[in-house]
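Engineer: Sequence:
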Amino acid sequence: MLDRLDHALRSTPERPAVLGATATGRLRVKATRGELAGLADAYASSLYARGLRPGDTVGVAVRPGPRALAVMLALWRLGLRGAVLDPGAGPDVLRARLALARPALVLADATAQAVAGWARPLAGRVRLALPDLAALGPVVTVGRRLPGCAPALGAAGARVPAADHGDGDAVIVFTSGTTSSPKAVVHSRSSLSAGMDNVSALFRARPDEPVLGGTFFVLVPSLAQGAPVALPARTPRALARQLHRLRPRDTYLTPPQLRDALRAGARFTGRVWTGSAPASAGLLGRVRDAGAAEAWGVYALTELFPAAAVESRTKAAYDGEGDLVGAPLPGVGTRRSAGGELLLTGPAARHRYLGEEPDPWVRTGDRAHLDAQGRVVLEGRCKDMVLRRAENIYPGLYEPLLQVRGVELAVLVGVPAGDGDERLVAVVQKAEGVTEGQLRAALAGPLRRMGSARPDALLFADVPLSGRSRKPDRAATARLADARLTGARLGAHA
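The sequence shown runs 314 to 807 under the working numbering.
Simulated from the structure, these hints should not be mistaken for lab results. In this text the structure is predicted, and so the values were computed from the model without any measurement. Be aware that one or more of the hints could be misleading.
What the hints assert, rightly or not - Pairwise CB distance ranges (calculated):
hint: 1; residue 1: 754; residue 2: 445; range: 19 to 27 Å
hint: 2; residue 1: 626; residue 2: 445; range: 45 to 53 Å
hint: 3; residue 1: 558; residue 2: 606; range: 15 to 23 Å
hint: 4; residue 1: 451; residue 2: 604; range: 45 to 53 Å
hint: 5; residue 1: 626; residue 2: 652; range: 27 to 35 Å
Unchecked claim - In silico lysine to any residue, SDA-like type, Cα no more than 20 Å apart, as pairs:
hint: 6; residue 1: 343; residue 2: 323
hint: 7; residue 1: 784; residue 2: 698
hint: 8; residue 1: 343; residue 2: 366
hint: 9; residue 1: 784; residue 2: 703
hint: 10; residue 1: 343; residue 2: 539
hint: 11; residue 1: 343; residue 2: 365
hint: 12; residue 1: 743; residue 2: 721
hint: 13; residue 1: 743; residue 2: 731
hint: 14; residue 1: 784; residue 2: 799
hint: 15; residue 1: 743; residue 2: 701
hint: 16; residue 1: 743; residue 2: 713
hint: 17; residue 1: 343; residue 2: 368
hint: 18; residue 1: 743; residue 2: 712
hint: 19; residue 1: 343; residue 2: 376
hint: 20; residue 1: 343; residue 2: 361
hint: 21; residue 1: 343; residue 2: 520
hint: 22; residue 1: 784; residue 2: 691
hint: 23; residue 1: 343; residue 2: 321
hint: 24; residue 1: 784; residue 2: 734
hint: 25; residue 1: 343; residue 2: 333
hint: 26; residue 1: 343; residue 2: 481
hint: 27; residue 1: 784; residue 2: 757
hint: 28; residue 1: 743; residue 2: 697
hint: 29; residue 1: 743; residue 2: 756
hint: 30; residue 1: 343; residue 2: 547
hint: 31; residue 1: 743; residue 2: 765
hint: 32; residue 1: 743; residue 2: 729
hint: 33; residue 1: 743; residue 2: 716
hint: 34; residue 1: 743; residue 2: 774
hint: 35; residue 1: 784; residue 2: 744
hint: 36; residue 1: 343; residue 2: 363
hint: 37; residue 1: 743; residue 2: 698
hint: 38; residue 1: 784; residue 2: 667
By construction, the Cβ of each residue, glycine as well, lies at the ideal position given by its N, Cα and C atoms.
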């Protein structure tokens, strides 16, 4: 797919490739197809001139857009492995995962360097955090270089030799939607291509008909089929205006983006696709009521994207128990473990987890069964996990950060926030003789380092225990947190 994209960009260089939107929703061209190909050429030449060779790991901390896509095209051409540094994962998680694949170079834009440096306190307020990038490896700046940034990647005239890189590693993603202890997901060149082929078959983008979406798995297949891609506006109102002006045939937004857009009065056209989090029949129905011809929920994992899809009418007509997420897509195999967990396999399945042996079967972490028509029906989660605004948060990964002096016990739980979303709450049991004020001050730093796992609320209470081992009872703790927060809201409105 990426090879086809490179050819497609060069065949029509004058046409728009990536579109943006102003605050009023007015469209603007962020990069033509020729400009995107030129950026990829320059990055590939510069990286090759720096001595990077097939198999080397390159950390990537670049915001979604033309530069990030050009970086990935350059890495693909050189046979390099891109490690995506997600500022929402938190610096401690990234540092621990990256210890298994130390980058030969870190590519970062000015914003990422600010998040990791001088703007760390501001970024923490919006749940973004990165470790000191220079501690991970040599850093160079991609795009506009601001004062205090690392040297620019620059341009080089080095000729990049054509080479067959086989089926080596293509990308490492440091978030995982499947286990209670998130791991680094490694996709090979073939699994990455297979995933994008699956998306291409779903979307069936048409030349010159714009697609609205910002993920790598939307950008590549759409551009390869000749369609320009519009990056979603950042605010709900601007997104609503953008949808009105663009009238896309295909739109891909996460459920939180859809809910925000609907609240802003957005109207939809064509087909709307949503994934990364559960999409209820009610939400999909609201999207259709707002003008969409079709509204699809996509069941997808970091390890296998996409796995299944269901249209709103089919989902609404299902009257069985559980959550219907659709028939497995072509090439996706399913089976259940002895405990009822859904396992998936197929050409698009990740090759392995970093530091582990390859395994063709992906453990989804979801209990599920297949109905009489062979469709996947989810029954609930197997592991402790909180799902907030399309992000999977694993309490066990972040709870150790809360164990500061004066904390007897700390538990992260999710409480319902409506339409399948959850709020993340830290319930902290303080030691005797310690005040809440002292603990709030002591926890301020750890909370900032939690990135997108930073709790929505911090409550002080005795954590309920259960069983002979007297382990924290997470279900009871979640009920306690929900009751406390509900009581606080009712009190505020009294």
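Engineer: Next step is simple, just say for each hint if it's right about the structure.
Structural biologist: Now for the hints, and whether the structure bears them out:
no.: 1; hint: 754 / 445: 19 to 27 Å; verdict: holds (24 Å)
no.: 2; hint: 626 / 445: 45 to 53 Å; verdict: holds (51 Å)
no.: 3; hint: 558 / 606: 15 to 23 Å; verdict: holds (18 Å)
no.: 4; hint: 451 / 604: 45 to 53 Å; verdict: holds (49 Å)
no.: 5; hint: 626 / 652: 27 to 35 Å; verdict: holds (33 Å)
no.: 6; hint: 343 / 323; verdict: holds (17 Å)
no.: 7; hint: 784 / 698; verdict: holds (17 Å)
no.: 8; hint: 343 / 366; verdict: violated (30 Å)
no.: 9; hint: 784 / 703; verdict: violated (29 Å)
no.: 10; hint: 343 / 539; verdict: holds (16 Å)
no.: 11; hint: 343 / 365; verdict: violated (29 Å)
no.: 12; hint: 743 / 721; verdict: holds (5 Å)
no.: 13; hint: 743 / 731; verdict: violated (30 Å)
no.: 14; hint: 784 / 799; verdict: violated (25 Å)
no.: 15; hint: 743 / 701; verdict: violated (26 Å)
no.: 16; hint: 743 / 713; verdict: holds (15 Å)
no.: 17; hint: 343 / 368; verdict: violated (31 Å)
no.: 18; hint: 743 / 712; verdict: holds (14 Å)
no.: 19; hint: 343 / 376; verdict: holds (14 Å)
no.: 20; hint: 343 / 361; verdict: violated (26 Å)
no.: 21; hint: 343 / 520; verdict: holds (18 Å)
no.: 22; hint: 784 / 691; verdict: violated (28 Å)
no.: 23; hint: 343 / 321; verdict: holds (18 Å)
no.: 24; hint: 784 / 734; verdict: violated (26 Å)
no.: 25; hint: 343 / 333; verdict: holds (6 Å)
no.: 26; hint: 343 / 481; verdict: violated (32 Å)
no.: 27; hint: 784 / 757; verdict: violated (26 Å)
no.: 28; hint: 743 / 697; verdict: violated (23 Å)
no.: 29; hint: 743 / 756; verdict: holds (12 Å)
no.: 30; hint: 343 / 547; verdict: holds (15 Å)
no.: 31; hint: 743 / 765; verdict: violated (24 Å)
no.: 32; hint: 743 / 729; verdict: violated (25 Å)
no.: 33; hint: 743 / 716; verdict: holds (10 Å)
no.: 34; hint: 743 / 774; verdict: holds (8 Å)
no.: 35; hint: 784 / 744; verdict: holds (17 Å)
no.: 36; hint: 343 / 363; verdict: violated (28 Å)
no.: 37; hint: 743 / 698; verdict: violated (24 Å)
no.: 38; hint: 784 / 667; verdict: violated (31 Å)
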